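Undergrad: Residue numbers (numbering that gives the first Met the number 0), protein chains in the order written: chain A, 0 to 170; chain B, 0 to 89.
Hints listed in this document are in silico derivations from the structure and should not be mistaken for laboratory results. Please note that the accuracy of each hint is not assured.
Here are the simulated distance ranges between beta carbons [to be verified]:
{"id": "1", "chain 1": "B", "residue 1": "K67", "chain 2": "A", "residue 2": "T145", "range": "45 to 53 Å"}
{"id": "2", "chain 1": "A", "residue 1": "Q102", "chain 2": "B", "residue 2": "A87", "range": "14 to 22 Å"}
{"id": "3", "chain 1": "B", "residue 1": "L88", "chain 2": "A", "residue 2": "D18", "range": "41 to 49 Å"}
{"id": "4", "chain 1": "B", "residue 1": "P46", "chain 2": "A", "residue 2": "E144", "range": "45 to 53 Å"}
{"id": "5", "chain 1": "B", "residue 1": "M0", "chain 2": "A", "residue 2": "R155", "range": "32 to 40 Å"}
{"id": "6", "chain 1": "A", "residue 1": "A31", "chain 2": "B", "residue 2": "E89", "range": "39 to 47 Å"}
{"id": "7", "chain 1": "B", "residue 1": "T70", "chain 2": "A", "residue 2": "D28", "range": "20 to 28 Å"}
{"id": "8", "chain 1": "B", "residue 1": "A43", "chain 2": "A", "residue 2": "E60", "range": "14 to 22 Å"}
The structure displayed is predicted, hence computed values, not measured ones. Ideal Cβ positions, reconstructed from N, Cα and C, are used throughout, including at glycine.
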Amino acid sequence: MADATPSAGPRLSDLLAADAITIGAEAPDWRAAVRAAGDRLVQGGATRAAYTDEMIAAVEELGPYMVIAPGIALAHSRPSPAVLRAGISIVTLRQPVAFGHPQNDPVRLVVGLAALDEEAHVTALSTLAEFLADPARLEALIAAETPDQVRHMVARFEEEQAAAATEGIPT
Amino acid sequence: MKILAVCGMGLGSALVLRMQAEKALKELGLTADLEVADIGTARALAPKADLILTSNELAEQLGSVKPKVVTISNFIDLREMVDKLKAALE
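Between the sequences and the hints, there should be enough to build the whole structure, so can you do that?
TA: Here it is, written out as structure tokens:
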């Protein structure tokens with residue numbers, strides 16, 4: 000159970016490249032929304048374009064379960080030759096988009112995830128889940144006007160987490 | 000006790016489920032062996048598990064399996080995880 004302690008592996012800010020954030024993307028449907036997240040992974044240097052098609056195919060194959068929480072889609076596929084390194088992208092949508100999820104539609108935030116294996120991204124994903132679990136932080140992220148604002152929010156949250164961890168919270 | 004966190008590919012949402020389940024078990028004062036699986040592997044591993052955590056849709060795709068299946072709607076809501084695990088394990 001030590002796998003998820005936020006000390007192993009790259010942090011969220013390490014996997015979230017400066018070019019991997021789009022604010023207010025125009026996406027008429029879920030495919031376009033996933034494609035926007037895939038494009039950002041490509042821009043950030045984590046994947047080749049083929050991975051974007053693999054993410055779309057994954058939703059077609061497995062359904063919209065990737066809408067993991069109200070308004071939030073975690074788009075990803077399997078490790079593949081199109082994944083160059085682990086990476087995360089963040090895309091906020093100008094207009095909410097339906098993915099066909101019975102409870103969590105419509106989606107306002109798409110997180111793209113590229114993984115090389117099953118574990119290397121666990122710290123980053125853990126941080127992301129905790130970040131998004133707070134409704135105020137989620138709203139602030141969706142309201143961000145620039146990619147830099149998103150990066151600052153993530154960096155500040157990581158500092159707060161690190162500070163809390165050193166204040167003797169048992170692990 | 001063995002708990003399987005299941006998603007389509009076993010490395011995105013299932014990982015989030017596992018992390019949330021770890022926190023929830025800690026809060027409930029319970030320990031369990033938590034493992035992540037994709038939906039194909041999950042069918043093979045199910046006979047050895049005591050509980051499966053997944054989404055509603057994937058639970059339908061998983062079909063009939065031996066362990067109790069707990070479905071999570073909001074993967075990042077710790078309260079939902081705690082409440083559903085508590086109900087399932089009591």
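Undergrad: If a hint holds in the structure, say so; if it does not, say that too.
TA: Now for the hints, and whether the structure bears them out:
1. B:K67 x A:T145: 45 to 53 Å: holds, 46 Å
2. A:Q102 x B:A87: 14 to 22 Å: holds, 19 Å
3. B:L88 x A:D18: 41 to 49 Å: Holds, since L88 of chain B and D18 of chain A (Cβ atoms, about 45 Å apart) stay within the stated range.
4. B:P46 x A:E144: 45 to 53 Å: Once the Cβ atoms are compared, 52 Å apart, the range 45 to 53 Å for E144 of chain A and P46 of chain B holds.
5. B:M0 x A:R155: 32 to 40 Å: Holds: the Cβ-Cβ distance is about 38 Å, inside 32 to 40 Å.
6. A:A31 x B:E89: 39 to 47 Å: holds, 45 Å
7. B:T70 x A:D28: 20 to 28 Å: With Cβ atoms ~26 Å apart, the hint holds.
8. B:A43 x A:E60: 14 to 22 Å: Holds - the Cβ-Cβ distance for A43 of chain B and E60 of chain A, about 19 Å, lies within 14 to 22 Å.
Hint compliance for this structure: every hint is met.
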